[in-house]
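Participant: What follows is each chain in one-letter form.
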Amino acid sequence: MAGVTAIPDTSPPSPAPGTPPALVIRGLSKTFGQVRAVRGLDLDVPRGSMLGFVGPNGAGKTTTLSMVTGMLRPDAGQVWVGGVDLWSNLTVMRTKIGVLPDELRLFDRLTGQELLTYTGMLRRMDRAVVAQRSAQLLDALGLSGDARKPVADYSAGMTKKIALAAAALHAPDLLVLDEPFEAIDPVSARAIQEILARYAADGGTVILSSHVMDTVERVCDRVAVIHHGQVLVSGTLDEVAAGQDLESRFIELVGGAATPAELSWLRPSST
Amino acid sequence: MVATVLDLRLRLFRASLRRNAAVLVAWLLAAASVLAMVLIAGASFTALGLRLVPQHQADTGTWVVIAGSVLCVAWAVLPPLLFGLDQTLDPARFAPFPLRGADLAPGLVAASFVGLPGIATLLAASTTVMLWVSTPRAMLPAFVGAVLGTSTCMVVGRLTTTVLAGVLSSRRGRDASVVLGAALFGGAYLVLVSLTQGRVLQDLTFDPTPVGVVLSWTPLGAPWAAGGAAAAGDWLGVAAHLGLAVLYVLLLVWAYGRALDRALTAPPAAQRGTRSRRDAVAQAVARTSRAAWFPVLAVAARARRYWAKDPRYLAGVPVLVLLPLVMVVMSRSMGVLPGVSDSLVHHVALMGCEAAGLAAGLILLSDIGFDSTAWWLHLTAGVPGWADRLGRALGQIGWAVPGLVVLCVVVTVALGSPADAPALIGSTLCAYLVGLGVASVLSAVAIYPVVLPGANPLSSRGGLSGLAVVTQLGGVAATLLLWAPVGAAAHLTPTSWGWLVAGVGVIWGVVVLAAGVVLGGRAVDARGPAIMALLVKNGSRASA
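These protein sequence lines map, in sequence, to chains C and B.
When we follow our numbering, the leftmost residue of the first sequence carries the number 1, and every step to the right adds one.
When we follow our numbering, the leftmost residue of the second sequence carries the number 1001, and every step to the right adds one.
Everything labelled a hint here was simulated from the structure, so no lab data went into it.
Keep in mind the model is a prediction, meaning the values are calculated, not measured.
Some hints here could point you the wrong way.
Sample of chain C residues with no beta-carbon within 12 Å of chain B, all distances over it, derived [said to hold, decoys possible]: (1) Ser-29; (2) Asp-42; (3) Ala-156; (4) Ala-201; (5) Asp-202; (6) Glu-217; (7) Val-254.
What follows is a set of in silico ranges between Cβ atoms, one per label pair, in the way DEER data are often shown [stated by the list, open to error]: (8) B:Gly-1398 with C:Asp-42: 49 to 59 Å; (9) B:Ala-1015 with C:Leu-90: 53 to 63 Å; (10) C:Thr-236 with B:Gly-1474: 35 to 45 Å; (11) C:Val-84 with B:Leu-1012: 39 to 49 Å; (12) C:Asn-57 with B:Ser-1016: 25 to 35 Å; (13) C:Arg-127 with B:Val-1405: 41 to 51 Å; (14) C:Gly-33 with B:Leu-1250: 39 to 49 Å; (15) B:Asp-1007 with C:Gly-83: 54 to 64 Å.
Partner residues are not named here, just some residues of chain C that face chain B (Cβ under 7 Å, in silico) [unchecked claim]: (16) Arg-105; (17) Glu-114; (18) Leu-122; (19) Ala-189.
Beta carbons are placed, not taken as given, at the ideal position from N, Cα and C, and that holds for glycine.
For reference, chain B alone in the conformation it holds in the complex (with noise of 0.2 Å):
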């Protein structure tokens, strides 16, 4: 079985390649830096290891199970909020054939190691032997832990994004999540903010032994612990963890495949057991008694109702939490290298809230792919353009306004300014306005392949696709361009001016839009019949 999935991966793999030279170009590339990436970890870690290794071996060994440990959450992490697995082989594909998890998840994990992300993982893991050239008696051990390590990685991603998917597609189990997720987010945030405040991390001596040894012995951290005990003579030791990290490997395994049995009996498409509702489209419509404005009221009321109740909309959301987050953090370590300024710390903290309203604005890229061949619908009814451009944008403001209002008070309270957040809002509103008026522009021209409805919002689909690529950066580079004066405005002048430039912003912001909606509208007019092409196109599952 392992052998037939394999095999069935690298077919599907070279069928991808040859249908598309974008596609083969982008691998390449992206191999090619993944290479480039690899040769200079091994060559730092070679002269690590001949230089300061030796003096400090117990401390590398602790690092590195806390390196690895992290390196695994990341993958348990990552896939499921940002990226999206590769779904090539979609787990519910399987579903028609005989097959239980217990037969298919040794196979889709070995899968794993055909794609690049799995290459680059076993390619890094193993260049962290290099570490150990002094002892060399530890070098093999230190490969094999680093061979399992990896393999944990690669099921722990699978695993929690298959379980993450049957969650999500259930009302409540995505109610939850979201709870869940924001408490988890606000409790970082405050953590974070209060040590990174408080210079708790400047003052604290820190001394990682102790939190080394408790993961040596997890799942995350016991293959890593083997290079660190062979190079400290303790064989027992690296008998002991690689063990256990054969053990858990195992038991990852078995996890998974009970965890695609329930997947595969029961697919995150099918959603049931949802109560009746009242018309919404018909309410949204009545606030209006004009005919013209009813197409894009009720374009704006299903928008709704797709954010509210589509995992594939629900999927962009922890993306711009962890934006303003990251920025935070990523502000803090910038504080610690010599010659930057306090005032450009605090600035960089605060962008996060405008890239999270540019990532808000942009999510609209992908809204007519979201539609699919639905969208005959507005099609063959004759819809405006600039209606269905509109509508879209108003389905997505009525709830992304406020949230980032929220967000840029939050921030600027968090980090102790508060009078920063009359101009961080205008700036961040026209990040997100301007945003909305680009995508809508270049959604109207650009239709790539995305998630279709009913899959797992989890899959990641167009990954590899150039035109998604170029899309998404030509998006966020003109996003920039255009909102670069407000943002000037907002870092650059005194914060007495805050509700000057919060006015500016939102106006500036209205403008683009209104532009964006009415060119967007045009290029919609002007290609419907190849919109819907491209989009018949994208939607047979064979495409993906």
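The shape of chain C in the complex, shown without the other chains (with noise of 0.2 Å):
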């Protein structure tokens, strides 16, 4: 499609018969004073998949993509990444993940540039390939005419894509990202779709949250529903849907919505 430029093909080769799964989580724990956010969960994504990630909201979604990413520490439970163990070689493994978290902040004092340039640096990547990489994710996203302003004047779908851009910029084996279709524009979720389908062609995995079945069916081809901080039921989207829409099979697993109350008096009122 127009405007989206090729990403460089730094991904890892194609899955060759044996090699481990993406990501394997087995009894993934963790609670918040009384709340069990996350029940003992288990997950397989294989390599060169695109997991979408699904739930109503307070399943636990975001929780346990935090604990993939090695930002929340689970309280039991374990992950492996590319078949090697994340808490024990957290270090390394950082290398090999992209994270784009929900509702954390970014240093939004620094350009859009800068921010891509300082996650490059904070990487330790080398600078020219950086510079290389920065320029063709912002025109890809559809950002090189802001690259200079501020992020903090940025809308909510700027914010979003940039940092998408860093999370995409060391080209990592596993992108974690936490509703990265959220309050973005029809165009730049084309790009975006584009962009992360090329990355799973070349072995690459991914894994994102919605909210939007829609989405999740045009973007992935495997789908985790979770519920109560565990997985009820995953594997591929034609599995998982079990014949529906991924809209009715998903309400349908979480319990289907509750009758509406009488609502009658909400509608303009003439005073």
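With the hints as a guide, bring the two chains together.
Facilitator: Have a look at this one:
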């Protein structure tokens, strides 16, 4: 599609038979005070797949993703990324994972360009590579014109896009994206979708959370439904949807919508 | 509306006490000390009122007016400069509701009385009534005046904080206020130093009466003049001063409402109209070819940007300039006491610079807190802890070291002893570097709530957090301990040793800083996810 530039091919080679899955989670648990956010969660994500991580509000999505990206230490359970235990090899594994957190701040007094340079330099990447990749990412995401403005002045969608660029900059093996399409306009969404599809085709693995089932159906080839801190069902799109459209299946799985209370007053008042 | 806001304030207050036992204990301690001070003030004023005041009624009236005016100025100036105002009821939080500033202003002012500072001011002001215990007819007007005077204090405190926050959030306003502030401080310095040096104060037979008369007609002094006028039997004067005081309070509340209107429609968080910039991070990193130093220089460049652009950092600077000024004034007032040698006075005056150095270094205690949840980038990028620590220190050293050197030179020259400059510079830089080192360790261990990014830089947050107080006191104590040998050398050795002291001081400071960077770095490496969890907890607005 127009305006999308190729990202340099630095992803790992296509999976050979016998290579370990991109992500394996066993018995992952986290409790905050009285709230058991994640309760013995298991999940397998094959290499080269794009997994939609879906669940109702408060299901434990963000908590799980934080533990998968080495930001939040689990109370129990293990996480293997590419066959390596994440929490015993944090320093090495941080180079393999790219993160787009939801609802965390950015150093927003830096400009978009500076934020990418900053990210690259924190990762001790080669300066020329950082310069080249950030120019290409900014171009691909339609941010070139605003690269020299402070991120604080960005709209919600632009902020999301610059954070996504920062997550991809070091060409990780695993991209963990929390709500990557939230507040993104359709043009940028399509661009991001194509970037991710190419990345997955080259052997990269993506986990993305979303509340929009349409997006998941269009973008992902696998789905995991999480509810009350556990995976209810996980598999390919077809396996999970089980002949229905994903949204109907999702509502069925998590218990359906309660009958709305009588809200007859909710209409424009004449007073 | 007033009742609603007051109710909200009380609910929030109760909730904050219930959430944390440490907050409750800190509050009780503070309340007890306030009560003790009020009792002491009440007792002394009663004694004065019985013994001394009957012979000096006119002078007493004048001094009450002057003291009341000073109190009012303190409320106008100190919260924005030093403490920040308690923003439990941050006006910005009322922005979504269909309220005008005029609706909110009276409620917010009334809510100020509910906090400890408000109660303390009201009680302390009320004790001045006891000065008129020998002329009971003056006590009621004096009390009404004290209540009105306290009300004026509450309104001006909120007014200046709101107006200044608006000014500080615009770039031009920030630049202008820095220049203005520097000019004011410079002027105050010159006047004070020339007064004290020339012993003008001692020779002058100062008659305060005209000052008191003028102040008694201004918003600052009018309420406080009622007691004196009543004691003199001037009932017309009582009515005039009290009437004027009521009028002034109403006018100030109206002005506060107008300022709130502006704050509600353009909260300080909204910073717009910045011009595009070249990549400062890339420029900084271009200075090295060793990849291990990339994170250090990048963090330093980012820290410099925040020092230049983030009003929360700027809000910490006035204290640094005030400290030397306070110490000069304090030393002069010590000099009046018997048995205090000129040399001691001189050394106390110099110590302001060292105190500024220490305070500048310890600013770093809040640095990770200021990042707030944006720190996830450091965590997930695997930045080595030492690089995180060193980068922050370097970002500040760039401007703080030249600033402190200039400060030392200015102070020594102004005090007429430029020969003291080398030792003072060495000792001050040592205090600064040691402070940085101590903060590098402590800030990795203790994460306490600070003003969030984009929030009003003049709001106080975590002022009641036990952890913040303990961390800062611990930081001061550790820094003083590690700095003491160099400080002693600077003040006790002959002036001719100055350059030696300077060299030793800087070297020792660098050693402590290096140790702090290594130890603090290890703590960051070991505690990364734990630090992140605390930042997330403190970062939600609900924990304010």
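Participant: A separate judgement is required for each hint: does it hold in the structure or not?
Facilitator: The hints, checked one at a time:
For Ser-29 of chain C, the shortest C-beta to C-beta distance to chain B comes to about 15 Å, beyond the 12 Å cut-off, and the non-interface label holds. For Asp-42 of chain C, the condition that its CB be more than 12 Å from all CB atoms of chain B holds, with the nearest at approximately 22 Å. No beta-carbon of chain B is positioned within 12 Å of the beta-carbon of Ala-156 of chain C; the least distance is around 14 Å. Consistency note on Ala-201 of chain C: stated as away from chain B, and its beta-carbon is indeed over 12 Å from all of that chain's, at 25 Å minimum.
For Asp-202 of chain C, the shortest C-beta to C-beta distance to chain B comes to about 22 Å, beyond the 12 Å cut-off, and the non-interface label holds. The Cβ of Glu-217 of chain C lies farther than 12 Å from every Cβ of chain B, with a closest approach of about 29 Å, so its non-interface assignment holds. Non-interface call for Val-254 of chain C relative to chain B: holds, since the shortest CB-CB distance, roughly 26 Å, exceeds 12 Å. At roughly 51 Å, the beta-carbon separation of Gly-1398 of chain B and Asp-42 of chain C lies within the given 49 to 59 Å, and the hint holds.
Between Ala-1015 of chain B and Leu-90 of chain C the CB atoms are about 37 Å apart, so this pair departs from the stated range of 53 to 63 Å. Distance hint for Thr-236 of chain C and Gly-1474 of chain B: a CB-CB separation of about 56 Å, inconsistent with the stated range 35 to 45 Å. Taking 39 to 49 Å as the suggested C-beta distance range, the pair Val-84 of chain C and Leu-1012 of chain B conforms, at roughly 48 Å. Look at Asn-57 of chain C against Ser-1016 of chain B: about 28 Å separates their beta carbons, and that is inside 25 to 35 Å.
Under the hint 41 to 51 Å, the C-beta atoms of Arg-127 of chain C and Val-1405 of chain B, about 33 Å apart, miss the expected range. Separation of Gly-33 of chain C from Leu-1250 of chain B is about 48 Å and conforms to the stated range, judged on CB atoms against 39 to 49 Å. Between Asp-1007 of chain B and Gly-83 of chain C the beta carbon distance is about 59 Å. The supplied range of 54 to 64 Å therefore holds. Nearest Cβ of chain B to the Cβ of Arg-105 of chain C: about 4 Å, under the 7 Å cut. The hint holds.
This hint holds: Glu-114 of chain C has a C-beta 5 Å from the nearest C-beta of chain B, less than the 7 Å allowed. A hinted interface residue such as Leu-122 of chain C counts as satisfied when its beta carbon comes closer than 7 Å to some beta carbon of chain B; here the least separation is about 4 Å, so the hint holds. Checking Ala-189 of chain C against chain B by beta carbon gives a least distance of about 24 Å; that is not within 7 Å, so the hint is violated.
Taken one by one, the earlier hints fail for this structure at numbers 9, 10, 13 and 19, listed in ascending order.
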